[in-house]
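Undergrad: So you can see what is in the structure, the chains are spelled out below.
Protein chains: 2
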Amino acid sequence: MRLSRRLAILSGLSAVVAGPATASSQGDPLPSWNPGPVKQSIIDFVAKVTRPGPDFVPPPERIAVFDNDGTLWVEQPLYTQVAFALDRAGEMAAKNPALREKPAFRAAADKDLAALAKLDEKALIELSLATETGLTPEAYRALAATWLARTHHPKLATPYQRLVYQPQLELLAYLRAHGFRTYIVSGGDVEFMRAFAENTYGVPPEQVIGSSQKAAYALTEGRAEVTFRPELGSLDDGPGKPVNIALHIGRRPVIAVGNSDGDLAMLQYVAGRAGPSLAVLVHHDDDTREYAYDRASHIGRLDKALDEARERKWTIVSMKSDWRTVFPRP
Amino acid sequence: MRLSRRLAILSGLSAVVAGPATASSQGDPLPSWNPGPVKQSIIDFVAKVTRPGPDFVPPPERIAVFDNDGTLWVEQPLYTQVAFALDRAGEMAAKNPALREKPAFRAAADKDLAALAKLDEKALIELSLATETGLTPEAYRALAATWLARTHHPKLATPYQRLVYQPQLELLAYLRAHGFRTYIVSGGDVEFMRAFAENTYGVPPEQVIGSSQKAAYALTEGRAEVTFRPELGSLDDGPGKPVNIALHIGRRPVIAVGNSDGDLAMLQYVAGRAGPSLAVLVHHDDDTREYAYDRASHIGRLDKALDEARERKWTIVSMKSDWRTVFPRP
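Heads up: the sequence lines are chains A and B, in that order.
Take the first sequence: its position 157, counting from 1, is numbered 156 in numbering that gives the first Met the number 0, and each next residue is one higher.
Take the second sequence: its position 79, counting from 1, is numbered 78 in numbering that gives the first Met the number 0, and each next residue is one higher.
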């Protein structure tokens, strides 16, 4: 009898016999997670809230929110979206030399890392807004998708789109199989994420919440279109995350997964839910397979959230110890 | 054989025999809609996009957006939300007499209709914002739900919450039964609508898009809460509707239903979808059972949208002719 067939039978049996769910009795829905207290805490929580009992959560309330950069895919050495914005700004400056008068565009066009490092936040935000301005969401997503498919990560030498975490793909699917709707709530631009979230994570556009640009509607020569304006709409980071969850979802989620101080408010908000909740923090401590960083990192700094997670006994995932594999097989 | 059993068998048969769907062959999913071209156009459209063929729309793209005031429930003689805001402002002024120094609060507290009529839009918006400021979404919704359950409409002498249109409840259910996700996209306050949309319309909080106040997150004495600030976030009316659809849903819907010029941009946006789309406009022409108003109305003005709907052959619903019943039976 093939192993897969035996597992299927065991899995069928486990549905009719009483007893706590364990990884093995279910045919292991999270094979890329190593056995241990972290994996078990996730499985126990999902069992607790989906079975009849005092902690049962009705399906409409089963909402799980995930940060993206550093939680679902690699965020070092530069947020992927920033790498895209710099490439696109360089292309824009090549087509329109007048843009080279702006130091940010000139630095991007020349791939002048020293000049880029000297730019202040205002110049970087202005550059990022400019790369989206005047485009429809569809046009911007098409540009991002094309770039993502062809561009490789500088250290890991793999297309960015494949630098998603296999254990998290399994966790997303596992939660959906238990009636959860999985949302992304990330500081990244909402349209940049929508360019790949449905194909890559199985998260549809309406379940992607992110930072956003203001937009305008116009009917021009019979074409009804929404296009982006050069103004920040919402910054979906830190306290902006619970605010946007309240606005877009309108319910306090049951599960939150993040990896940095930018996720702390979201984790607190979910942990403060009346009823059961699960707050999960991914700790990047794997310099061999990915990166190791926390308190001193400029990107994805994890400092206050690490202390608070330890104090409140949230689930802290060690990438090194808890993840058997990090990336999907090519 | 009981009628319901016969209908079930007929309905089963209709699924296997070829031919266009008609109301009768399906056991009439829209019994409160009178037979005629309007009802048939809706049924034909849904059949066309949900059956294999050139106009098939995959389930993830099946999104229908509905305006609320005047489309799903009564909006005359005053938006229900404004009636609530005035009552709540009056209660606030009774508890805090200092508020009486503001003309809008004084007029609300004294139910001084002449004074209220003289207030400018800025004063009314300020009053509306004040009634929500400092509250969490949950607390505000609880106040709204209590008020809705106990307050009667001035002319129709029925609790506001029951002044929803029975034909539209059937349409919402019919679309959901065909794999559509039904969204509300309304100028009304998002939290006011969330107070009743799930129970009344079967539309969950995450599928309610409306005007919104800005909010702030804070962890205070261990409690993680989002509370509203006295500032408008988004005005979800006119061109604000397609902009918010793009931001919140991230796909162009397939069906849009509205009733006023405030819905015109949304109807255009949906009608401009690549692929099949259905734009529906409810015309209030029934002064006996509800109200008759269009071009000259201050509330729910229907002027440009009526012309454009006729020109573009959108589906125009006559409340008088197309709706067999208007309200649910008590």
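Incorrect hints may have been included.
Unchecked claim - Here are some chain B residues the structure puts well away from chain A; computed CB gaps all over 10 Å:
id : residue
1  : Gln39
2  : Gly52
3  : Arg99
4  : Leu123
5  : Ala148
6  : Pro203
7  : Leu246
8  : Tyr268
9  : Gly271
10 : Tyr290
11 : Arg300
12 : Thr324
Stated by the list, open to error - Here are the in silico distance ranges between beta carbons for each label pair:
id : chain 1 : residue 1 : chain 2 : residue 2 : range
13 : A       : Gly271    : B       : Pro58     : 28 to 36 Å
14 : B       : Met91     : A       : Arg149    : 57 to 65 Å
15 : A       : Arg300    : B       : Arg294    : 57 to 65 Å
16 : B       : Lys312    : A       : Lys303    : 41 to 49 Å
17 : A       : Asn198    : B       : Lys312    : 33 to 41 Å
18 : B       : Met91     : A       : Pro153    : 51 to 59 Å
19 : A       : Thr132    : B       : Pro229    : 27 to 35 Å
20 : A       : Gly52     : B       : Pro58     : 54 to 62 Å
21 : A       : Pro59     : B       : Ala215    : 36 to 44 Å
22 : B       : Arg300    : A       : Asp111    : 49 to 57 Å
23 : A       : His297    : B       : Lys312    : 53 to 61 Å
24 : A       : Gly274    : B       : Ala273    : 41 to 49 Å
25 : A       : Asn198    : B       : Phe55     : 14 to 22 Å
26 : B       : Asn198    : A       : Gly274    : 52 to 60 Å
No lab work stands behind these hints, which were simulated from the structure alone.
For every residue, glycine included, the Cβ atom is placed at its ideal position computed from N, Cα and C.
Undergrad: Take the hints in turn and mark each one as holding or not.
TA: Cross-check of the supplied hints:
no., hint, in the structure
1, Gln39, "holds, 26 Å"
2, Gly52, "holds, 24 Å"
3, Arg99, "holds, 32 Å"
4, Leu123, "holds, 22 Å"
5, Ala148, "holds, 20 Å"
6, Pro203, "violated, 6 Å"
7, Leu246, "violated, 6 Å"
8, Tyr268, "violated, 5 Å"
9, Gly271, "violated, 4 Å"
10, Tyr290, "holds, 29 Å"
11, Arg300, "holds, 19 Å"
12, Thr324, "holds, 29 Å"
13, Gly271/A with Pro58/B: 28 to 36 Å, "holds, 35 Å"
14, Met91/B with Arg149/A: 57 to 65 Å, "holds, 58 Å"
15, Arg300/A with Arg294/B: 57 to 65 Å, "holds, 58 Å"
16, Lys312/B with Lys303/A: 41 to 49 Å, "violated, 59 Å"
17, Asn198/A with Lys312/B: 33 to 41 Å, "holds, 37 Å"
18, Met91/B with Pro153/A: 51 to 59 Å, "holds, 58 Å"
19, Thr132/A with Pro229/B: 27 to 35 Å, "holds, 30 Å"
20, Gly52/A with Pro58/B: 54 to 62 Å, "violated, 33 Å"
21, Pro59/A with Ala215/B: 36 to 44 Å, "violated, 27 Å"
22, Arg300/B with Asp111/A: 49 to 57 Å, "holds, 56 Å"
23, His297/A with Lys312/B: 53 to 61 Å, "holds, 58 Å"
24, Gly274/A with Ala273/B: 41 to 49 Å, "holds, 43 Å"
25, Asn198/A with Phe55/B: 14 to 22 Å, "holds, 20 Å"
26, Asn198/B with Gly274/A: 52 to 60 Å, "violated, 20 Å"
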